[in-house]
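Trainee: For reference, the chains in residue letters:
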Amino acid sequence: MSFSPALLAVLCAARVHAQDDAMAVLRRSLAGAATPYQGQALVETRAGGVLRRSLVDVVYESPQRYRRDIADGRGFLVASVVAEGGREWVYDRRRRSVWRGEPADPDYKLIDPDEELALLARNYELRRVGREEAAGRLCDVVEVRARRGGRVVQRLWLDQKRGMALRRRNFGPDGAELSSMRYLRVAFPARVDAESFAFRVPPGARMLDSGLRPDYLALEEAASATGLVPRPPAWLPPGYIFESVNVLPHKGATILHYRYSDGMDVLSLFQYPRRVRLASEQPAQPAALRRGPARLSWTPDGTLLEWEDGEGFALLGRMPLEELRRVADSVPGGGR
Amino acid sequence: MSCLSWEEVCDSLHGEGGASFLERARAHLSGCAACSAEAGSAERTRLRAELLPVPPMPRELRAALVAMAREADAARRPGWRERLAAAGLAPAALAAAAAAAALFLGARGPAPLEAKIEVPLDLLIAAHQQYARTLPLSAPDELETRMPDQLAGATGERDVF
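So the protein lines, in turn, are chains A and B. This note's numbering puts the first residue of the first sequence at 129, with every later residue one more than the last. This note's numbering puts the first residue of the second sequence at 14, with every later residue one more than the last.
One chain only, chain B, in its complex shape (with noise of 0.2 Å):
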C-alpha cells in the first residue's frame, strides 16, 4: 500500500473506510515512520481537542453540522469533510473540528459521531478479581494487595469512577 493521504489517516484514527480499508492502513501504519508520524500528530490535535473547554454550540451550527453528518452517514461518504476541506480549513483544523463536533454530538446527538468513551483497564481487572473472591480457593488476603495500586494507576490525577 501507498503511503495514506491525510483523510485516509484521518479514517483510520476514527476507524473508519470499513474493514479491509483498516486493515490494510493499520498494517501500513505501523511499517511507515513518515505516515505514522501523520497520524501521531492528527491524534495529538485530537486528544488536544478533547482537553478544550467545550462552550455551548450555536444552535444553528448544531443544526446544520447534524444534517451534514446524517446526509454523509447516509451517503456512506465522509462528503461533509471534504466539504470543510473546501471552505478553506487547514488539515490540523480539520481535525479539531471533527473531534469538537464529535465531542458535541456524541453527547447530544446521533451515533455515527459520538466521542470514545474512555474506560479503565483496571476497571476490568478490579471486575475479575471480584468475581475471582468468590472462588472456594479465593485469597482476599492476597488479591487485596493489588487492588488498590490497579484502581489507582488506571485513573491517574482524574477521576474517571
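Next comes chain A alone, as it looks inside the complex (with noise of 0.2 Å):
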C-alpha cells in the first residue's frame, strides 16, 4: 500500500494536531490541580499474579493540603496521608505510627515545568482518543503511548470542566494492566471543610521523622555539601536526563540520590559511604555485574539493583533489568 505525498501530509499534520490537542488537554488539566475536591478512588494493582484494592476517599484543596485515607479490600482503614503547611504526616493504623516528612513539590526540581512537558513529548506520544464518562462527568481520554517501541503504557480520563484525573489505567511491556485508578464518586465543593487537614497524633501512636524533604542540588552542589564525589552513571536508557540530586541524612550517613527522568518515568541512583547498610525484608537474588556481584530485588516501583564499588550503590527504576545493568556499569569505579 502507498500513499501519495499529499495524503501523508494531511495525516502527519493531523497527528501532530492530536498531539498538540492532548497536550493542551493536559495543561489544562496540570492548571486544574489548583481545584478543591472530594471524592472516593478505588486503585487495583497487580503484582505477581496478585490483584490488590484499596479504596482511598481523598479531600484535596491544593498540593499542599490535601487529605487521603486509605481503606485495604475488606474496607478496613489502614493508613491517612495529611497534607498542610509545608508537613506531611503518613499514619499506620495497623503499626500505630505516624511518619512526619514534607509533601512532594514540582517547584523542587532544576528542570522547569515547560521543559519536563517538552521533555514527556519527546518521549511519549499523547493522543486524544475520545471522549467518556468516569464518575458520571464526561471527560477527555487520552493515550500515553512511549515513541520508543510505541507501546501504550497508560490510558488517562481527565474530566473535561476540570482537567482532574478520574481514571488511569497503566500497562505494562506486555501490554497486560499493571495497575489502575478510577473515581467512584468526585465533587468540586467551592470550599472544602479545614478541618480535614487537622492532623492530631493517635494516643499511644509513634512519631517517627522520615527525614523526607524535597530539595534538589545540582551535582558540584552535592558534592560542596557532603564531601562524598558524585559517581553519576556515563550511560542512560535513551529518553532519560539528569535532572538533579538530593541529599538524604539517615542516622549521621548522607546519602546521594540521583533522579532521572524521561518526562514520565523515574529512574533513581543512590550513592552510600560503604557503612551504610541497606536493611531490607526484600527476598533478593544475586545478580552480576562486569565488576562484581550485585543483588537484585523487585519493588511496586520497579526492580532493584544493590552493589558495592567503594561505596555502596542502588539502581531504582522500570526499564529492563539489561538496560539498567549497563547504567550500573557505566558508574565509575571506586578506585580501589
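Rather than coming from a laboratory, the hints here were simulated on the basis of the structure. Hints should not be assumed to be uniformly reliable.
To be verified - Pair ranges (Cβ atoms, derived): (1) B:PHE34 / A:ALA304: 42 to 52 Å; (2) B:GLU131 / A:GLY203: 40 to 50 Å; (3) A:ASP235 / B:GLY31: 45 to 55 Å; (4) B:GLY31 / A:VAL178: 37 to 47 Å; (5) B:SER49 / A:VAL257: 55 to 65 Å; (6) B:GLU131 / A:ARG279: 37 to 47 Å; (7) B:SER49 / A:ARG202: 17 to 27 Å; (8) B:SER49 / A:MET335: 37 to 47 Å; (9) B:PHE34 / A:LEU238: 20 to 30 Å; (10) A:PRO366 / B:GLY44: 36 to 46 Å; (11) A:VAL257 / B:GLY31: 58 to 68 Å; (12) B:GLU131 / A:ARG273: 41 to 51 Å.
Every residue gets a Cβ at the ideal spot worked out from N, C-alpha and C, and that includes glycine.
These two chains come separately, so use the hints to put the complex back together.
Mentor: And the structure:
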C-alpha cells in the first residue's frame, strides 16, 4: 500500500494536531491542580499475579493541602496521609506509627515545568482518543504511547471541565494492565472543610521522622555539601536525562539520590558510604555486573539493583534489567 | 580457593583484605556450606554484640584500643586481632570484642572501626516515590496506597527514623 505525498502530509498534520490537542488537555489538567475536590477512588494493583484493591477517600485543596484515607479491600482503614502547612503525616494504623515529613513539591526541581512537558512530549506521544464518562462526568480520554517501541503505557480520563484525572490505567511491556485508579464519586465544593487537614497524633501512636525533604541540587553543590565524590553513571537509557540530586541524611550517614527522568518515569540512583548497610525484608537474588556481584529484587516501583564498589549503590527503575545493568556498569569505579 | 580460616571469615564479613581477596572469599562462601556456616555464626555473634547495652568504656582501654587500631591501620594488617588472639580469647569472643570496639569507636572515634549504619531500603523507595509524585502524569492516589506499607515494613517495631 502506498500513500500520496499530499495524503501523507495531511496524516502527519492530523497526527501533530492530535498531539498538540492532547498536550493542551494535559496542560489544562495540570492547571486544574488548584481545584478543590472530594471523592472516593478505587485503586487496583497487580503484582506477581495478585490483585490488591484499596479504597481511597480524598479531600484535596492544593498540592500542599490534602487528606487521603486509605482502606484495604475489606474496607478497613489502614492508613491516612495528611498534608498541611508544609508538613506531611503518614499514619499507619496497623502499626500505630506516624511518619512526619514534607509533601512532594514539583517546584523543588532543576527542570522547569515547560522543559518537563517538552521532555514528556519528546519521549511519549499523547493523543486524545475519545470522550467517555468517568464517575458520572464527561472526560477526554488521552492515550500515552512510548515513542520508543510504540506501546501504550497509560490511558487517562481527564475531566473536561476541571481537568483532574478521574480514571487511569497503566500498562506493562506485554500490554497487560499493571494498575488502575478510578473515582467512584467526586464533587467539587467551593470550599472544603479545613478540619479535614488538621492532623492529630492518635493516642499511643509513635511519631517518627521520615527525613524526607524535597530539595534539589546540582552535582557540584551535592559534592560540596556532603564531601562525597559524586559518581553518576556515564550511560542512561534512551530518553532519560539527569534532573537533580537530593541528599538524604539518616543516622549520621549521607545518601546521595540522583534523579533521572524521561518526563513520565523516574530512574533513581542512590550512592552511600561503605558503612551504610541497607536493611530490607525484600527477597533478593544474586546478579552479576561487570565489576562484580550485585543483588537484584523487585518492588512495586520497579527493579532494584544493589552493589558495592568502594561505596554502596542502589538503582531503582522500571526499565528492562539489561538497561539497569548497563547503567550500573557505567558508574565510574571506586578506584580501590 | 581452599576453606577460609576464622580470620579470613571475619575479614570477609568486615570487608577487609582487599578487593581481590573479598571477591574470592565471597565466591567461596557462596559454594561452601562449612565456611558459610562459620560466617553465619560470626555474623550472629556480631549482631548479638550490637544488641548488648553499651556501658561507658574506661578511658585507658579506649586510648589503648585507639592506639592499637591506628597502628593496625597504619601497618595495613590486622595486627590488633592477632594480639587479642594471642591473649587467649576464643574466636566468638574475638568477634564480639571487635564488634563492641567498632560500636564504641564508630560513635566516638576514627573511621577504620566505624559500626555499620542500618538504613531501611524502603526509605530509598519512599524518596523515589516522593520524586515520582512531582512528575506531570504522576498518580499520588495510587502511589500512596503503597507508601505506608513500605515504610512500616522496613522499620519493623524499631524507631529507626
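Trainee: Compare the structure with each hint and give your call.
Mentor: Checked hints:
1. B:PHE34 / A:ALA304: 42 to 52 Å: Holds - the Cβ-Cβ distance for PHE34 of chain B and ALA304 of chain A, about 46 Å, lies within 42 to 52 Å.
2. B:GLU131 / A:GLY203: 40 to 50 Å: Because 36 Å falls outside the window, the suggested range is violated.
3. A:ASP235 / B:GLY31: 45 to 55 Å: Given range 45 to 55 Å: holds, Cβ gap about 47 Å.
4. B:GLY31 / A:VAL178: 37 to 47 Å: Taking Cβ atoms as reference, GLY31 of chain B and VAL178 of chain A lie about 45 Å apart, which means the hint holds.
5. B:SER49 / A:VAL257: 55 to 65 Å: holds, 56 Å
6. B:GLU131 / A:ARG279: 37 to 47 Å: holds, 40 Å
7. B:SER49 / A:ARG202: 17 to 27 Å: violated, 42 Å
8. B:SER49 / A:MET335: 37 to 47 Å: About 41 Å separates the Cβ atoms of SER49 of chain B and MET335 of chain A, which means 37 to 47 Å holds.
9. B:PHE34 / A:LEU238: 20 to 30 Å: Since the Cβ atoms of PHE34 of chain B and LEU238 of chain A sit about 42 Å apart, the hinted range of 20 to 30 Å is violated.
10. A:PRO366 / B:GLY44: 36 to 46 Å: With a Cβ separation near 38 Å, PRO366 of chain A and GLY44 of chain B satisfy 36 to 46 Å, so the hint holds.
11. A:VAL257 / B:GLY31: 58 to 68 Å: For VAL257 of chain A and GLY31 of chain B the Cβ distance comes to about 59 Å; the hint holds.
12. B:GLU131 / A:ARG273: 41 to 51 Å: 43 Å Cβ-Cβ, so the 41 to 51 Å window holds.
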